[in-house]
Amino acid sequence: MSMNEIAVMNADGDARTFWDSANPEEVAVAKALFERLRGKGHMIYRAGENKSVQVHEFDPEAGKLVAVAPLVGG
Amino acid sequence: MAHAGTWSVAPSNQSLTTESRQRLNIEMDRFAQFQTQEWQGRVAGAFGISAMEEMARVRLAPMSETATSRARALLLENLSPKQKAQFLLKDWFSVDGKLNRYRIRYSTTYNVDVINDGGFVSSSLCAVPLGRVPIPDSMLAQKLVLENDEELFMRVAHTLSFSMFGDVGQILPAR
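Here the protein sequences come in this chain order: A and B. If you read the first sequence in the numbering used here, its first letter stands for residue 1, the second for the next number, and so on. If you read the second sequence in the numbering used here, its first letter stands for residue 75, the second for the next number, and so on.
Careful, some of the hints might be misleading.
Said to hold, decoys possible - Covered by chain A, per the in silico footprint, the following chain B stretches (three or more residues, Cβ under 8 Å):
#1 171 to 179
#2 194 to 206
#3 222 to 235
The hints are simulated quantities; they were obtained by calculation from the structure and are not laboratory data. Note that the coordinates shown come from a computational prediction; the quantities given were computed from them, not determined experimentally. Every residue gets a Cβ at the ideal spot worked out from N, C-alpha and C, and that includes glycine.
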């Protein structure tokens, strides 16, 4: 069992969704969010203090994730 | 539509020449953190009220303090200890990519500097997440993409060659 989260950047700073890997309902919600974001072109990273890693598949034990909208030239 | 080397401040303001638009963008970038009345008056006088309104609408419409605070917290959670120390002290942090070394500054546009082996800025890049997010979110997005897919960042970003502004001195120690 572990607590996990995904932070999605937005105009309010971010919106965070938390899930317990031992709770199937929460995992299902998190997985649906992950896949919806990926479908919209977001890039998802496992970050923290260590070097970040892009993740392409949902992992119920993902830890802390950050979702970034597609980049555009400014 | 923005093009490499051309800053896209006021696309609907056709009265601005390319040179004026570049100057306006430079002013905007330089003072984005200091939206003082003095600066607003200076820019309005130089470029006209319509340019100011366009600039405010497109770039400088303030985010709420809460949003910026949340984004800053998220950024700090995801910086390495070295990057965190740099950011807290200087409002920028460095990223070592496979192709280049970068400095990501707290600013709205062209805030990613490419640092050459001598520690000088060789160019500045602009690529931001789609949609409107606070500056710290944008900085985190830039860091994450540069660390994981530098080529994608370079492909998407608009580039401003630093040579057009002259030498501003060495800003980071050479490798």
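Okay, the hints, checked on the actual structure:
1. 171 to 179: n = 0 at 8 Å, threshold three: violated.
2. 194 to 206: holds (count 7)
3. 222 to 235: holds (count 7)
Consistency note: the structure conflicts with earlier hint 1 alone.
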